[in-house]
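Trainee: Here's the letter readout for the chains.
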Amino acid sequence: MSDTLIDANWLDYLLVAIYFAFVLGIGVMARRSVSDSIDFFLSGRSLPAWVTGLAFISANLGAVEIMGMSANGAQLGMPTFHYFWVGAVPAMLFLGVVMMPFYYGSKVRSVPEFMFRRFGTGAHLVNAISFAVAQLLIAGVNLALLAGIVRALLGWPIWVALIVAGAVVLSYITLGGLSAAIYNEVLQFFVIVASLLPLTLIGLHRVGGWDGLTDKINAASDGAASASDAPPATQQLNAWPGEALSGFDSPLLSVIGIVFGLGFVLSFGYWTTNFVEVQRAMASDSISAARKTPIIGAFPKMFVPFIVIVPGMISAVLVQEMIDLKNGGSPEGGASGEGVAYNDALLLLMRDVLPNGLLGLAIAGLLAAFMAGMAANISAFNTVFSYDLWQRYIRKDHSDDYYLRIGRLATVGATVIAIFTAQIALGYDNVMNYLQTLFGFFNAPLFATFILGMFWKRMTPTAGWVGLVAGTLSAIAVDRLAAAGLFELSGQGVAFLAASVAFVVDIVLSIVVSLVTKPKPASELRGLVYSETPREDRTDPNEASMPWYQRTAPLAGIALAIVIVLNFAF
Amino acid sequence: MSHTTESDETTGKPHKAGLFDIRNIIGVLMGLYGVILALAGLLGEHEPDKTGGVNANLWTGLGLLAVGACFLLWAKLRPIVVPANVDAPDDDPTRPAPRRRRPSAH
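Same order as they appear, the protein sequences are chains G and Z.
Per this note's numbering, residue 563 is the first one in the first sequence, and the count goes up by one each step.
Per this note's numbering, residue 4 is the first one in the second sequence, and the count goes up by one each step.
These aren't lab readings, by the way, just hints derived from the structure by calculation.
Here a beta-carbon is modelled for each residue, glycine too, at the ideal position from N, C-alpha and C.
There may be inaccurate statements among the hints.
Distance ranges between label pairs, derived from CB positions [to be verified]:
id : chain 1 : residue 1 : chain 2 : residue 2 : range
1  : G       : Pro1116   : Z       : Leu80     : 54 to 64 Å
2  : G       : Ile725    : Z       : Leu65     : 37 to 47 Å
3  : Z       : Leu45     : G       : Asp847    : 39 to 49 Å
4  : Z       : Pro82     : G       : Leu815    : 53 to 63 Å
5  : Z       : Val84     : G       : Val974    : 38 to 48 Å
Looking at chain Z on its own, in the form it has when it is part of the complex:
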């Protein structure tokens, strides 16, 4: 394909996936949701008539915090190493992004 230059800013040596490690993303999102829900459970009305008396926001929030922490810890302890030269993502017909192009097929 014609335009291959745009992915040339790879760092050139193996390194850890860092913030964009998918486990960190999951961990951050789950943790953020956990904090918000736990706070909502502690500070907000907890609507016991809906949940049958359980403070559902609080418990779910705590659960999500735990899950988020596990993912962050996992990513920290067993980092994924990104190889030296990463190819730009391959074109995927079921989920093409606008920037990518598909070589003329067949």
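Same shape as in the complex, but just chain G:
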């Protein structure tokens, strides 16, 4: 073995090169308008629903999913499934059934824009700033993971890897890596599945199947050293009540923490207000298709945990470094160069079980996911910065070229800043803890304000921004109190608690403030508030004539039924 973490050869690099040749090739052809078929797919009008559905989940199948979930699987085991079956899937169904008509009907293009229409300037400014900051921080997570792979492949010091990875993402954006977005996202989904599925199967084969995996987890837990802070095997092997995940000792509190904190506040907040994903659905040709996009995405999404969490669990009993780490040791190596972390679970498993060839496929999938993820963060930042902040509040009424230039500067600036925010992400042993903390700061209050503003026409513009500010501040306060050691919750318990507190504070303050300030006239709320939106604006008249399997509600019902069965089965 050489001194790199992963031993890739020419075959692996060939597979990676083919992927990027495809992606950039289509991007170039798209920009030169070689074929109107490409325009057709990129404009997204009347695309088959499976395409937008896959793009919808693929837009999120990056850092959070692959590395975070496998790290969580390695550290905590099966309670991680809650992120999918209590978190994402119900939230995606809720998005499709309840929220989408408002987004689609009001034709907003970004979260801040919705805030502006509903609440005016105050909430818009607060939200635009917090959205921009969140994108920079999340771009840092993607960059840190990307740099980790570069380092694992080439053995460079982490700061060199960060700068190189930043430069690579910048050139990916400049070369038009985002112009073939829908092709990229769908291709990325297949490449990732094509590499993670064999990884899972071979891994299971190596540990002796599912029984072998549970035996090994039991054995590891029985023989654990006292320094080990791994949860007991029964908690790792059952999704409920998930004390290891929520950090509560009481099973009842744990279930409440997971259902309310993770399920309701964090996941609903994430999926319903994250326009990087919502945007995929907005491009479809009718309300009906837009609503079905997240619902169709929910079907593959249910089964994603089997190829991201299970490999993490396998890694924790098969890879020597991970076994040592879980047993309380601090083994050398790892992608960050500062010792093995749970974040390395997937990379180390790939090193141990994938032959050259499949290894290259896996690397292509991971690079693609992090690169596309970071590029999406950067351009979302770019848009909000140039149009929502710069154009509205700093320099109005300049030419389009002027804002394009500002946008380019913002792109470069954001990449540089991401190199620094990546340092924060590298400080976390399990990147999932960090991500959930961020979502608690930014998404939980946003969700509270959205949902209240959407269903309560009395909510006033002042309440809009006050709720957001107070919610975010209270989540940060909870997090800092926990960091200062005033109370202790393991797993992602602190993030769940911070998110729940932010949600409650936001709702309560918004109601109080609304009662003493002046609401917007009802005439301005059409399409933005449930009671002010006529039914025909919210539904698609053609939907009643479609067969049942193409209608929104029956599809959502089936998805819900399957996910409930999965919850009981594990």
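Following the hints, put chain Z in place on chain G, whose structure we already have.
Mentor: Coordinates of chain Z only, in the frame set by chain G:
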């Protein structure tokens, strides 16, 4: 918006999406990966100590070939028809391409 002329080379009548049908792209990429991996599995060392004795490259390669063939077949049997006049892709704030511009907002 000012510049709408650049997408005027549309063919003007409905036609099949052809090579750029997303299913063909998926089919070609998966098929190409399938061929390479299957060959690697047949010709290369197959590293049984890593995989526990399974020729993982070969099997994955064959699987990908099958998936790729299904997509190509699907695209062939049920072609997507591109309408006569396709609008240039709409500007998308979360993934803007360099060539596109956004109308001054709000």
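Trainee: Hints first: check each against the structure and report whether it holds.
Mentor: Hints and how they fare:
{"no.": "1", "hint": "Pro1116/G x Leu80/Z: 54 to 64 Å", "verdict": "27 Å, violated"}
{"no.": "2", "hint": "Ile725/G x Leu65/Z: 37 to 47 Å", "verdict": "41 Å, holds"}
{"no.": "3", "hint": "Leu45/Z x Asp847/G: 39 to 49 Å", "verdict": "46 Å, holds"}
{"no.": "4", "hint": "Pro82/Z x Leu815/G: 53 to 63 Å", "verdict": "56 Å, holds"}
{"no.": "5", "hint": "Val84/Z x Val974/G: 38 to 48 Å", "verdict": "42 Å, holds"}
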